[in-house]
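Visitor: All chains should be built: construct the whole structure from the sequences, respecting the hints.
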Amino acid sequence: MVGGGGMGGGLLENANPLIYERSGERPVTAGEEDEQVPDSIDAREIFDIRRCWARAGWRGPGRGSESPFLHLPHLIRSINDPEHPLTLEELNVVEQVRVQVSDPESTVAVAFTPTIPHCSMATLIGLSIKVKLLRSLPQRFKLDVHITPGTHASEHAVNKQLADKERVAAALENTHLLEVVNQCLSARS
Amino acid sequence: MAAAAALGAVAPTGALWGLVQDFVMGQQEGPADQVTADVKSGNYTVLQVVEALGSSLENPEPRTRARGIQLLSQVLLQCHSLLLEKEVVHLILFYENRLKDHHLVIPSVLQGLRALSLCVALPPGLAVSVLKAIFQEVHVQSLPQVDRHTVYSIITNFMRTREEELKGLGADFTFGFIQVMDGEKDPRNLLVAFRIVHDLISRDYSLGPFVEELFEVTSCYFPIDFTPPPNDPHGIQREDLILSLRAVLASTPRFAEFLLPLLIEKVDSEILSAKLDSLQTLNACCAVYGQKELKDFLPSLWASIRREVFQTASERVEAEGLAALNSLTACLSRSVLRADAEDLLDSFLSNILQDCRHHLCEPDMKLVWPSAKLLQAAAGASARACDHITSNVLPLLLEQFHKHSQSNQRRTILEMILGFLKLQQKWSYEDKDERPLSGFKDQLCSLVFMALTDPSTQLQLVGIRTLTVLGAQPDLLSSGDLELAVGHLYRLSFLEEDSQSWVAALEASGTLATLYPAAFSSHLVPKLVEELCIEESDLARGDGPTKCSRHRRCLQALSAISTHASIVKETLPLLLQHLCQMNKGNTVAGTSEVIAVCQSLQQVAEKCQQDPESCWYFHQTAIPCLLALAVQASMPEKEHSVLKKVLLQDEVLAAMVSVIGTATTHLSPDLAAQSVAHIVPLFLDGNISFLPENSFPGRFQPFQDGSSGQRRLVALLMAFVCSLPRNVEIPQLNQLMRELLELSCCHGCPFSSTAAAKCFAGLLNKHPAGQQLDEFLQLAVDKVEAGLSSGPYRSQAFTLLLWVTKALVLRYHPLSSCLTDRLMGLLSDPELGPAAADGFSLLMSDCTDVLTRAGHAEVRIMFRQRFFTDNVPALVRGFHAAPRDVKPNYLKGLSHVLNRLPKPVLLPELPTLLSLLLEALSCPDSVVQLSTLSCLQPLLLEAPQVMSLHVDTLVTKFLNLSSSPSMAVRIAALQCMHAVTHLPTPVLLPYKLQVIRALAKPLDDKKRLVRKEAVSARGEWFLLGSPGS
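In order, the protein sequences belong to chains R and G. Start counting the first sequence at 1; every next residue gets the next number (the numbering used here). Start counting the second sequence at 1; every next residue gets the next number (the numbering used here).
No wet-lab data here; the hints were simulated from the structure. It is possible that some hints are incorrect.
Calculated pairs, EDC-like style, for lysine to aspartate or glutamate (alpha carbon to alpha carbon, straight line, at most 20 Å) [stated by the list, open to error]:
#1 K1006(G) - E33(R)
#2 K1001(G) - D103(R)
#3 K569(G) - D611(G)
#4 K132(G) - E163(G)
#5 K992(G) - E173(R)
#6 K527(G) - E507(G)
#7 K992(G) - E179(R)
#8 K142(R) - D164(R)
#9 K422(G) - D387(G)
#10 K295(G) - D225(G)
#11 K1001(G) - E35(R)
#12 K292(G) - D346(G)
#13 K185(G) - E216(G)
#14 K422(G) - E507(G)
#15 K295(G) - E342(G)
#16 K142(R) - D1004(G)
#17 K903(G) - E942(G)
#18 K1006(G) - D103(R)
#19 K887(G) - D838(G)
#20 K295(G) - E362(G)
#21 K295(G) - D346(G)
#22 K185(G) - D225(G)
#23 K569(G) - E613(G)
#24 K1006(G) - D39(R)
#25 K1006(G) - E32(R)
#26 K1006(G) - E35(R)
#27 K1006(G) - D42(R)
#28 K366(G) - D296(G)
#29 K1006(G) - E105(R)
#30 K1006(G) - D34(R)
#31 K1001(G) - D42(R)
#32 K185(G) - E213(G)
#33 K1001(G) - D39(R)
#34 K1001(G) - E173(R)
#35 K1001(G) - E105(R)
#36 K403(G) - E362(G)
#37 K887(G) - E919(G)
Guide: See below:
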């Protein structure tokens, strides 16, 4: 490994995920080791929760050949440079800034960027993010998952669906949809 | 049967007849072994066996003939060494003849020939005739696997013993073998066949016109595509086949014209394993190829490698591609050329440069690193290649650095430059003027200094690394450059705490100081001295914390640059002087100040360890000084200097202990003996003559009636004598041991009594077995027993017992089990029970000051395992028998033992301890809880079936512990909750809802590390039994 390996560390300052290494594990600080000090929930933590999803999602749906969403990873790859495909994780490095958290007010807002403006998977990606956060955050939090403004053709419709509690609940009753969402969330596959 | 008959006519005995009949006609297997044994023992000759077989060998029924020959072959396989040359000739004739027989007979015939191929008495010429007969009569590939294997064995045997004869066959042998192996499918046989081909080539058998055929018959397996069947008893792995085929393909340049197109084709394929195998094979080929073989294929090879490195998503393919490029370049660099031939290396490298250099100018683009890696792989192959590439690339990169102004881009460019500079170190240039870097030196230096002054930490870090590499180039930097460099390092060393640069700068200073001690002595040391002095006077003025930290940095810098003997001669006196001044002056020195100086001293001592001369210098200079300071401080005095109190504090003495220990462990035995002759009398007799400033107001008598301050200094004695090499004799040992024992049970100061106990134990551990050791042990045991029985010294006696036990456990001394039992007995002692439980932690852990391997203590590697096996059953029994209120002590002791044991050793033992572990989960002690959870977690993963029987207990307890007040316990409990999901899903489903609800609570834990575990555990539980998981 000549060169590239020494390039770690530049998480936020670098705008070029192609060159810089992925962010790696969050380092544990002394305060976090201390029993007494409470750590508030911050953007990086939400980002890490989402990142788990991204890692799994990269492999997830691609596995089941029967899945109707077989083309999901393919789709994500196709918009990147075919010469040197980015992983979803590297894409997300840029997206940590799109997570807004307020621990005292118990709110979380996550914006995600669909891969192409007409991405038919936008709702599904949003749903997966939402479900992952529902499962991973304390109940007191009010969740808002939406598309980064101006990045999707039917942004408004998708946002509305994602904000509608009943529709999200109904979607998760659908075994088939739940299966796909779980595939995205399963870290084991 | 003429052959058999001709062997002679001795009447076979009746018994042999019977056995033969039983085997041939009776179809029993047993008689074969009987006959073999009899032949071996000399009861029958082979000839007699043949005679007895007589009619069966001629029987018209092929099955009977086969059976007869089988018996003969089996006998021969065991007894071929007994055969005479005449017999061998006849047997060979017979067997060759039989090759024409019915196909049922062939397997036994081949077995016989295999036996004969092992025969030493085989006359010349027969090997060739056997092989010819096989090539001619047998269609090998229509035989079963075992028989094909026999044929390969015959060939292998002959190749091993009859090489010259076989070579006489010329290319016919090669051709014959090609026909034998053509179409082979079985991996077991292929391994043998590949071996044979490899030998054909490497032992220089004549291949004649059959080079391409031989290549075809082996290369058709490339790339190997083989997955061993599950439960394969033969244990052949894909990797075995790959390696043995690669050995064949890469064994000769004669295959090159056929192999290289094949490799290029396979690198271009879509299959990852084919790409890897091809690149690795190419790499192997370069070891034997030359320019001639590669010439026509270079453009395609380069195109394929470039594409793989530029485009692949797999790091392994990239790495193999780079390795292959490196070998290719090395191969081209190596070839000797005729004067008129064109040097392919230059044109090849020019190609690479042409394809890569423009990418280097775009530090934001993704191809910049792959291009740099390709260039560096090529440059790493030879001095010539390195020269060619560096002289082209460096000017370009230097120019690019100035063209780009963003720190990010500059960092990328400097990282690339660094990579090329590092490669220079691989080659040594005899002539100073030939060194390719000398022309760029000034530019490189100014660029590095720009990086060092840049505000971006990342760029600074790369700059520091580049400076280190430049410094490592012999005779490159001028004294002016060095002065500047040292100045930069000095500045960076005092950067604020959160910057990583100062750590890197200190490290670089250490590395460069070994190379340029004079530059650091003259430019850095004076500045640091100045800095230290300013502090002295300023500290009083209360510029508090920042000054204080500058002061620390200064001490750290002093120890960091003490990497060269000549620098140590300046820094060590400085540090010691600083310590003395703190003592003399009236400045208020805090404990942490003194400890910081001691830590610096300790680091200097560490750096001196490898060089015997510096080591002795340090020891000789520092230890008397430290002892003098400490003795001075321990003197009863009217005015109480603050520092004197400080020097006697536990933490300060501990810091001094580690300085003394580090300065002693690496002494040579004779120098250590010199030192010990001063130090032991100092403590025993108060002989202070060797201390540098020895006018003390009182006597130093730590063991007699000295003050408690003096007694504390026994810790320093411990640091010294317990770090000595084992063969150094300690004067007045008997007296010393008795005094230590006395002090160890002395009332009033736990610090000094513990130090005495540790010192006693440390000496005991190293003392050779014998009468004196037994006496010491007896004294110790008496002391312990006396102390434990009576009131005031119980805890001191217990400490002594603990340390003596540890000393003996480490060296497997027979008395250790007795002492361990005593310790275990104390677990139910109402007063000492908890301390005894914690004592098990001490027994199992590594100490830092005494009884260490570094300090030459006798530490057997498996002592923990042994302690576990010897004592855990007794602990478990003790637990069951103990009254309720002391049970936790047993659990805690057990936890300590389990915790320190390597997990792989522990795992097989755990199921027997399972019921105890489940009980321990309810123990209120958090040490026990934590250790139990960490034992259960791997068990859940490794033995889910056993664990699923206890699912109810496990889930309930884990959930309870996930709200424990201790953060570590909460984390471990949640990790176990996660591991529980490895149990069979049907067992878990009844708990799913309850668990998911319960795990919502730790999601809102105040600690992030706990929340992280809760998130992953809860996520897994959600997926249990869900579609799509």
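Visitor: Are the hints correct? Go through all of them and say.
Guide: Hints, verified against the model:
no., hint, result
1, K1006(G) - E33(R), "holds, 12 Å"
2, K1001(G) - D103(R), "holds, 16 Å"
3, K569(G) - D611(G), "holds, 13 Å"
4, K132(G) - E163(G), "holds, 15 Å"
5, K992(G) - E173(R), "holds, 17 Å"
6, K527(G) - E507(G), "holds, 18 Å"
7, K992(G) - E179(R), "holds, 18 Å"
8, K142(R) - D164(R), "holds, 13 Å"
9, K422(G) - D387(G), "holds, 13 Å"
10, K295(G) - D225(G), "violated, 30 Å"
11, K1001(G) - E35(R), "holds, 17 Å"
12, K292(G) - D346(G), "holds, 15 Å"
13, K185(G) - E216(G), "holds, 15 Å"
14, K422(G) - E507(G), "holds, 17 Å"
15, K295(G) - E342(G), "holds, 11 Å"
16, K142(R) - D1004(G), "holds, 14 Å"
17, K903(G) - E942(G), "holds, 11 Å"
18, K1006(G) - D103(R), "holds, 11 Å"
19, K887(G) - D838(G), "holds, 14 Å"
20, K295(G) - E362(G), "violated, 32 Å"
21, K295(G) - D346(G), "holds, 12 Å"
22, K185(G) - D225(G), "holds, 12 Å"
23, K569(G) - E613(G), "holds, 11 Å"
24, K1006(G) - D39(R), "holds, 6 Å"
25, K1006(G) - E32(R), "holds, 10 Å"
26, K1006(G) - E35(R), "holds, 9 Å"
27, K1006(G) - D42(R), "holds, 12 Å"
28, K366(G) - D296(G), "violated, 31 Å"
29, K1006(G) - E105(R), "holds, 15 Å"
30, K1006(G) - D34(R), "holds, 11 Å"
31, K1001(G) - D42(R), "holds, 18 Å"
32, K185(G) - E213(G), "holds, 17 Å"
33, K1001(G) - D39(R), "holds, 16 Å"
34, K1001(G) - E173(R), "violated, 25 Å"
35, K1001(G) - E105(R), "holds, 18 Å"
36, K403(G) - E362(G), "holds, 11 Å"
37, K887(G) - E919(G), "holds, 11 Å"
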